[in-house]
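**Q** So in the working numbering, the last one in the sequence shown is 110, and the numbering has no gaps at all.
Hints should not be assumed to be uniformly reliable.
Stated by the list, open to error - Pairs of lysine-lysine, PhoX-like flavour, derived with a Cα cap of 25 angstroms:
id	residue 1	residue 2
1	K62	K46
2	K90	K62
3	K64	K46
4	K64	K90
5	K62	K73
6	K90	K46
7	K73	K46
8	K37	K62
9	K37	K73
10	K90	K37
11	K64	K37
Quick caveat, the hints were computed from the structure, so don't treat them as lab data.
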Amino acid sequence: MTSVINLHNIDVAKFLAVLDTCKGNVYLVTREGDHLNLKSKLCQLIGLTKLIEGGKITDAYILCDNKEDESKLFRLDLFGESETKTA
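Go ahead and model the full structure; you've got the sequences and the hints to work with.
**A** Encoded structure:
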């Protein structure tokens, strides 16, 4: 595993689109210690439900197996955009 990415005010639709482009496993780790593999659509649903409790983003972070995936998600979190743009 590589670095930890904390999420801040993410656009869920963009986040899911970037997840679809990730090459390695991407895990959402909750404050309870659950590791949800976000490459799975079922885990995405569960993870997003866990992440947004009562309209507020809870304490959770992302772990990536692949450095390129980490870069994509970090850029999305920081700038609100992915590395690849379509014309």
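**Q** Check the hint pairing K37 with K73 against an upper bound of 25 angstroms on the C-alpha distance.
**A** Holds: K37 and K73 sit about 18 angstroms apart, inside 25 angstroms.
**Q** Could you grab the alpha-carbon distance between K90 and K37 and see if it respects the 25 angstroms cut-off?
**A** Given that 25 angstroms is the threshold and the Cα spacing comes to 19 angstroms, the pair holds.
**Q** Holds or violated: K37 with K62, Cα cutoff 25 angstroms?
**A** holds (15 angstroms)
**Q** Straight-line Cα separation of K64 and K46 no greater than 25 angstroms?
**A** Holds, because 15 angstroms separates the two Cα atoms, which is no more than 25 angstroms.
**Q** Is K73 close enough to K46, meaning Cα to Cα at most 25 angstroms?
**A** holds (24 angstroms)
**Q** Quick one, are K64 and K90 close enough, alpha carbons at most 25 angstroms?
**A** holds (22 angstroms)
**Q** Can you confirm whether the C-alpha distance between K62 and K73 stays at or below 25 angstroms?
**A** holds (16 angstroms)
**Q** Under the criterion that the straight-line Cα-Cα distance not exceed 25 angstroms, is the pair K64, K37 satisfied?
**A** holds (15 angstroms)
**Q** When you check the alpha-carbon spacing of K62 and K46, does it fall within 25 angstroms?
**A** OK: K62 and K46 at ~9 angstroms, within 25 angstroms.
**Q** Does the alpha-carbon distance linking K90 and K46 stay inside the 25 angstroms limit?
**A** holds (10 angstroms)
**Q** Would the pair K90 and K62 pass a check requiring their Cα atoms to be no farther apart than 25 angstroms?
**A** holds (15 angstroms)
Every hint from the earlier list agrees with this structure, and none is contradicted.
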